[in-house]
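Protein chains in written order, with the working numbering: chain X, 1484 to 1787; chain P, 1484 to 1787; chain B, 1484 to 1787; chain C, 1484 to 1787.
What the hints contain is simulated information worked out from the structure, not anything from laboratory work.
Do not take every clue at face value.
Partial chain P-side listing against chain X, Cβ under 10 Å, derived [stated by the list, open to error]:
#, residue
1, Tyr1496
2, Ile1526
3, Val1589
4, Arg1595
5, Leu1647
6, Ser1685
7, Gln1687
8, Gln1708
9, Pro1712
10, Leu1740
11, Lys1765
C-beta: ideal position from N, C-alpha, C; glycine also.
Protein chains: 4
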Amino acid sequence: MDVSGKWQLETIYPDLIVMLKVREVFYSGRTQFQQVEVLGSDIYGRSLVLDGKTQSTERDEHIYHESLVHPGMLMHPDPKRVFIAGGGEGGTLREVLAHHSVSQAVMVDLDREVVDLCREYLPNHHQGSFDDPRVALHHEDARAYLQNTEERFDVMIMDLVDPLEGGTAGLLYTQEFYQITKSRLKPDGILVTQSGPAGLISFQECFTTIFNTLSQVFSYTMPYQVHVPSFQTLWGFTLASDTELPHMATPDRVDGLIDRRLSKSLRFYDGEGHCGMFSLPKFLRLGIGDETRINRDDAPVFMV
Amino acid sequence: MDVSGKWQLETIYPDLIVMLKVREVFYSGRTQFQQVEVLGSDIYGRSLVLDGKTQSTERDEHIYHESLVHPGMLMHPDPKRVFIAGGGEGGTLREVLAHHSVSQAVMVDLDREVVDLCREYLPNHHQGSFDDPRVALHHEDARAYLQNTEERFDVMIMDLVDPLEGGTAGLLYTQEFYQITKSRLKPDGILVTQSGPAGLISFQECFTTIFNTLSQVFSYTMPYQVHVPSFQTLWGFTLASDTELPHMATPDRVDGLIDRRLSKSLRFYDGEGHCGMFSLPKFLRLGIGDETRINRDDAPVFMV
Amino acid sequence: MDVSGKWQLETIYPDLIVMLKVREVFYSGRTQFQQVEVLGSDIYGRSLVLDGKTQSTERDEHIYHESLVHPGMLMHPDPKRVFIAGGGEGGTLREVLAHHSVSQAVMVDLDREVVDLCREYLPNHHQGSFDDPRVALHHEDARAYLQNTEERFDVMIMDLVDPLEGGTAGLLYTQEFYQITKSRLKPDGILVTQSGPAGLISFQECFTTIFNTLSQVFSYTMPYQVHVPSFQTLWGFTLASDTELPHMATPDRVDGLIDRRLSKSLRFYDGEGHCGMFSLPKFLRLGIGDETRINRDDAPVFMV
Amino acid sequence: MDVSGKWQLETIYPDLIVMLKVREVFYSGRTQFQQVEVLGSDIYGRSLVLDGKTQSTERDEHIYHESLVHPGMLMHPDPKRVFIAGGGEGGTLREVLAHHSVSQAVMVDLDREVVDLCREYLPNHHQGSFDDPRVALHHEDARAYLQNTEERFDVMIMDLVDPLEGGTAGLLYTQEFYQITKSRLKPDGILVTQSGPAGLISFQECFTTIFNTLSQVFSYTMPYQVHVPSFQTLWGFTLASDTELPHMATPDRVDGLIDRRLSKSLRFYDGEGHCGMFSLPKFLRLGIGDETRINRDDAPVFMV
């Protein structure tokens, strides 16, 4: 193996760097908000990289997007109006639109250029979802949008970049922000947010804090996690609602819901996978129990 | 962050390399059989690296060793005599010895020098296990040992390096080898083997083949998987027996067994964790179903 | 310094890899003959990389091209007809055309696509040289071209990729090839060829062999070397002729020739620089003296 | 080529990192003053690395040390008393002691532990020089030593780490320091200092500033440079004196001096090599001419 050639380096932790052989650079440039790259590799196919961090890849984005979208959607009895913050690749939108019940998906992604680049370079991610007549796409800060809207949603999905210092989403993980989202959810509405890495090494970077912050605002919260290969670790998600979240403990129940309520079969998420995702390793349960930090606008907890 | 300094590179896949900052080199040298390094890093503490592959690290070896040992041990009603192949760090031995029921642990590791190095440099791994009077330690090829012994075991644990071409364990994953192990198990005995990477990218490297091969030899087999951070992916294990393996479906049952049958509390493995480990992602279940390859002495399937 | 981002890795020796931060990928693809990349970096500006090896960079190509072209051209009393093999970037052509005396420059580069890519992406290299009416550009194997031509040249310049096994130029460094070039040189003609790395670590890879091979064919040979930053080492060149090569020992003589015979000032090459280039370190002189290998068509010496 | 294994990364410029495969770590630790590593590689043999920067390697230290020591020593008519600042490996000392004329070598290296480590781990560097009865070895700051001594020297050799911010030698390259050295030189004494990288990319980091600073203090200064493979670039040196420095323009003169005045033959430095070293590339001569910065105690110019 000759290593000569182009590689993407990604600092996972300060002492751990992952090197990915790049076969093609589909796009590389700066938008108004961030550095964007669409890279091709033999392992992952096309990857979207924002500010040096892999957001999703053709090879495994279905793990991330199905895991983000379907548990919350299926826990809701009849999700008609869905809100998406971020999600520029269109993968979250694609999964939301697969639900028969959905009549409108409002997606707010700050960076129009990123969305345009994804539409051009990541067709296998969005699969034409942006052209669905149920979609309303806005390009502005999600927090500002929510503060100004009268709309109410059944499900709200936060598909945001990680809460990095100086990043674009630092104020979209705070107690104040979650108060705003709560006011825009219908009474039985459900919020779900990607919540950062959840592996043994990194679960305290933001996962437990996001969970704890949501728990201050909502009556019911539920954490889960799944292994996303291109993220190099387990990845965390959190569900939150003021109505009790159903446990859907048997695989059959989940599989039945998928059959009835989706217009397509899923590649990753199913009943047995659901059990795996919601069975948290002991260290995560202990970590959640021990967490006392709360993200606040004036003192956000940033990832290292 | 200045990257100047010593780094350990590890080729995970041909196009993916992980770089770990090395803080200390405790040992580096060749034994009769392999290249050995004991490295220290801020992330993982002390790591054992054989032929360039991380075998286990102080930070997360408990995930690997508890997951390898306890499911099979607890599925057995009363494991008295336990066989371990490989396991030079002593972590597997440590977990086996924590079971009250164990009266003898026979460990066969080919490489005496590796075991001696682990005893010296990895005290937090073995925690003195090698000095337990119940331990019989042999240094020879595990296959040769088993062919020549009259002993019969309740549980046999294969804690081997991956089946790499030219490696030391290529013939310890074949149908013929499993026939030998079967003949050394008591009628209700249980075998478990580490089975290589089980993530979306790499589960076909050896995991599904090992499962399929064991299924040719034993009446009952059961795969499971867990995320081991220092392996950079999910990791697979396979249980095999000619007696039906219990499902232990409720967390409480597992937690109760742990309480009753172990002389210590566990850091990773528990009832809820058990559910997560045995709830296989859809792609793994499909991959297992599709696998037709069988490891045979004259045509072993090597990892890439 | 965060190392996240795109880097070009180049294996200089098997145990030494250079990583260059890539700011822009201007082109990346395969031609009929080789992998081509035009990369932009803060350090070197635009680089041409063929089959993973840096050929020249905007920042320091003038060192390489001026050193390759001018010593031989100025040693010739009146170079009118000049032959160039390789040289796709156009930098060698640019330097040749700066000589008032030149009436025709015949350039033969195998790979039309590379030349077209250089014309498009490396304007600061060629600076429009390809449009000079004195240029005749051919795309075929330089050896075949020379075997079939009746032309005779004053100066022949070999600006070829290194003699790598499986590369495009393996047979353009052999005794048989040099016999052909000799037959196409006018009686007082001078040949010069890039001759690979000439630093302490690597001068035996091909530099001394090329020198020794040329010495079998030509009555007079003269080695020289210069530090080219982007090549990470000293770089070797060899002059050869059947007419005695002048030593031009005083800086003033070289500076005077540059003034009179060139239509532009030079950035790197001058009288004092000439002295530096032709004053070989002791290890190189000893290495040349010790070399016995000869490149032959049926037994070429390839770089590692 | 499998890249798995230990590598030393060294940041040469912020966008250029060199990776060296490490075969052995002979020593790694912190002294009172700096991080020290003695590494073994196939390319370079044993390397001394201080604070992440390669100081010298077994393979090419003779290029550096012979180039640092002999030009100044041979320009002096009869060097008896020699001062060395730094030079912990003992290579500079070794070269100084090879001069018949030397009756005393005073070496002041701040870091006793580094010198002890070099004595233990770098025998091919020092070759027993520390045991020569002409040597007086002191461990304190070289500036303090010189301020307090009544001694006067024929030749003073500054073999120091680069002037890095926060490093140990920042105040050993300033105008004020050079005033002190001048006062400790005999009237016809000569000072020479290593002067940092002198390649096209990096000569402005400190080389031209050191030259310019010395030129403020001494009547005569003379720069030279040589390619040191393990430094990845040309390396600069500066001679300074209040007596005119001889040009030694003919190789024969240098070779004759080496024969007469040294007790051993040299591996790198000779008459022709001298010409190469003192024939500066045009960009260096222009760079020196353009330089206006002066290192002062209250405003030192640090390398990036």
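Verification of the supplied hints:
| no. | hint | in the structure |
| --- | --- | --- |
| 1 | Tyr1496 | holds, 6 Å |
| 2 | Ile1526 | holds, 5 Å |
| 3 | Val1589 | violated, 30 Å |
| 4 | Arg1595 | violated, 32 Å |
| 5 | Leu1647 | violated, 15 Å |
| 6 | Ser1685 | holds, 8 Å |
| 7 | Gln1687 | violated, 13 Å |
| 8 | Gln1708 | holds, 9 Å |
| 9 | Pro1712 | holds, 5 Å |
| 10 | Leu1740 | violated, 15 Å |
| 11 | Lys1765 | holds, 5 Å |
Of the numbered hints stated above, those contradicted by the structure are hints 3, 4, 5, 7 and 10, listed in ascending order.
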